[in-house]
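Chemist: One letter stands for each residue in the lines below.
Protein chains: 2
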Amino acid sequence: MDKNHQMWSDLGMDLDKHDLLCAALPGAYGDVFLTQENRPQGMDYFNMVAADIHGIRPAELIQAQKEGRKVIGTFCVFVPDEVIIAANGIVTGLCGGSQFWVPEGEKVLPANTCPLIKASVGARLGRTCPYFRIADMFVGETTCDGKKKAYEILSEDVKMHIMHLPHGKRPQDIAAWDKEILDFVKVMEDFSGNKIDIDKLNQAIHIVNEKRKALQRLYNCRKNSCVPISGRDVLLIMQIAFFDDPERLTAQVNSLCEELEKRIKEDVSIAPKNAPRILITGTPMAVPNWKMHNIVETSGGIVVCEENCTGTRYFTNTVKENNKTMEEAASALTERYFNNIHCACFTPNPERIDDILRLAKEYQVDGILNVNLKFCNLYATENYFVERRLKEEGYKVLSLETDYEDSDAEQLRTRVSAFLEMIEANK
Amino acid sequence: MDKNHQMWSDLGMDLDKHDLLCAALPGAYGDVFLTQENRPQGMDYFNMVAADIHGIRPAELIQAQKEGRKVIGTFCVFVPDEVIIAANGIVTGLCGGSQFWVPEGEKVLPANTCPLIKASVGARLGRTCPYFRIADMFVGETTCDGKKKAYEILSEDVKMHIMHLPHGKRPQDIAAWDKEILDFVKVMEDFSGNKIDIDKLNQAIHIVNEKRKALQRLYNCRKNSCVPISGRDVLLIMQIAFFDDPERLTAQVNSLCEELEKRIKEDVSIAPKNAPRILITGTPMAVPNWKMHNIVETSGGIVVCEENCTGTRYFTNTVKENNKTMEEAASALTERYFNNIHCACFTPNPERIDDILRLAKEYQVDGILNVNLKFCNLYATENYFVERRLKEEGYKVLSLETDYEDSDAEQLRTRVSAFLEMIEANK
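Heads up: the sequence lines are chains A and B, in that order. Take this note's numbering: the last position of the first sequence gets the number 791, and nothing is skipped along the way. Take this note's numbering: the last position of the second sequence gets the number 791, and nothing is skipped along the way.
These aren't lab readings, by the way, just hints derived from the structure by calculation. Please note: incorrect hints may appear among the correct ones.
Where chains are identical, the list cannot tell them apart; a pair therefore holds if satisfied intra-copy or between any two copies.
To be verified - Only pairs whose alpha carbons sit at most 25 Å apart, straight line, appear in this in silico PhoX-like list of lysine-lysine:
| no. | residue 1 | residue 2 |
| --- | --- | --- |
| 1 | K637 | K533 |
| 2 | K587 | K755 |
| 3 | K629 | K725 |
| 4 | K367 | K471 |
Isolated chain A, as found in the complex (with noise of 0.2 Å):
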């Protein structure tokens, strides 16, 4: 048994299905990314962790773990890093962006759930992700009806704590969102045993700062009419940042950049000048789920933002550094966490379309895909107000609603190629 196997069965993980997982990546990875031309040499280091991306992490969060910290998995922009980080705890993302998962999520939950849900579950319960076997404690969130119940059935498993997130952004909810931060600092406390003061918190908010800043630096290469990296590459990155460790990641984000900016010099474009530019609003695209860029890429388009949770509100904005108080440290987190976080869970929610019009500008776009998982109600009926404004604002939209399944991949293809063309002969 190699090391790899050895790992996955010591975490009581399903082996022979898995193995059907394993094989199947590198060839659907090979045919996304490698068959690229001109990538950076900067995406070596994320092709090696994507490659063995159930292997090596695990190890190293496994080892961490044998030192003492305590691993901690998240589902949602909403949990604050920053609080695992202060208490010595390590945040890892988990599965959920592949079909491969879904049969087992549907044998718990309704078949009318989105998709990430559905093979979140089920990358737990069919033991099929080592992330999903390894983190210590989940945090949920209410973001959704779905994840909301959903977690019910997990907390059955596994240890959760459950952030609840508030309907709106009032007064009222901010001093909520306040609380449930401080609440969530005692109960990490209290998991890891591990005292967290301001200075830790403003320590780990200064590491999150820096990999926030790096993939900022990363999107800005995007917004340049020479376009030096792919949309496909660049939500790799962003899938990767929730797995990896945040310096490291930090590091590998700003030696890229440093190659993207030179080709931004240099004029040394992965696409040509006249390919419509694109950008991407609407439900995360969780590893991986490589669908709408893989069609637009191959379509003659280029993906040069993605208004997502697997996109800029990963990273927009800063948490305030050098808190002098606990409570002025979470009304910092709350301030960058839940006041501009523009998610379809809120109600009402205007600014994120005045984000994505604003996005819109800045990257230059042609044209913007709206892309939402079946099933997710909240994306799909706020869809009504962004289409309509995002029209009104003389920008091209297309609404597109998908699964992780395969079968609607060559009807997408000929709607999104439509969509370009018409931008091209538009242009």
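Mind docking chain B on chain A? Use the hints.
Modeler: Below, chain B without anything else, positioned relative to chain A:
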């Protein structure tokens, strides 16, 4: 033009379209209700109300508006009627129980939305519901993703106030709901121009309590082995209770109960003694949604209790009377409306299962039908726990998902018949 058509025209309704509904309802009503044998005479009042449900009560509401009273439309049992009544306002239910309104709703909402929400929005936007035209203001709540976001669309067309329902029942959630109620008092005061003092609020609490006691008395009549009234008739009364004047309804229900109590003494049952006694739990059944009750009761069963928002949740418990301060009254309202309503929107929600088990015993139930509207993710997911626990406790359970279309009626009838036969075989 007859009086009703004149009124509907004055309300800006789409007369041609609404006439289609008016033409279809009497036949449907006759089939479901008037074919019953040995109905209590006390149902005459409810027959009369149902026969002219878009005529009599709307005319009363318009008359009240002329006298300066405000009519407030509500969608959900969490909104406290008492606050509206204390401001000299009138509470009205709204249309939402028929497929007739769904296509208009689907023009603005995702098809994957529950039919109750699509029908409600469609009834307003299609101008085919007098209540949706009459109400001066609408009070929504953040119970589920679908409603939360649909209210954003409705608020472009009507004046709305949204109450933010917390996700759980922790101490801070209870305090938050207290505040929602006190904020709602202020909203109603401002909107009606009437100050709400503690005396007015206590009076309103008394009025609604009397209505609850009458409905409790009605339901108590169904606990007997002699069943003096059909489930269909009780469902109709419950549906009308959302629309009718509360004091008149109380009197009518009490008078009906005298007849039913006499029937019990004389052992006059509308169902054979061996008919399987069914409890229905799940999502609400808005008028004219009589589908499941009709199927059960024309397949040999008798519905003796509904654990849902158009059933026990509407009247269980009373609100403490004679409160000294507004804060004390708000707490009393929270105690009844928040702590004691066990909706699937809360996480976790084990109390609902306790309720079902208690009711199943009290109503001497032979089988439980767990009936959820399609695309209601909250109830569908919670069903995982409900069905498991009820079966563990030895109950026969059938879970069904349905919408407002007739297309699945025969399939449902087959499944329900098999369920009832299985119960009878084991009796």
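Chemist: Against this structure, judge whether each hint is valid.
Modeler: Against the structure, the hints:
1. For a Cα distance limit of 25 Å, the shortest separation of K637 from K533 qualifies neither inside one copy, at 41 Å, nor across copies, at 56 Å.
2. In this assembly of identical chains, K587 and K755 lie within 25 Å of each other by CA distance solely inside one copy; the values are 22 Å within and 58 Å between copies.
3. In this assembly of identical chains, the alpha carbons of K629 and K725 lie at most 25 Å apart only when taken from the same copy (21 Å versus 77 Å across copies).
4. Taking the shortest alpha-carbon separations for K367 and K471, neither the intra-copy value of 31 Å nor the inter-copy value of 56 Å comes in at or below 25 Å.
The structure does not agree with the numbered hints 1, 4 stated previously, though it agrees with the rest.
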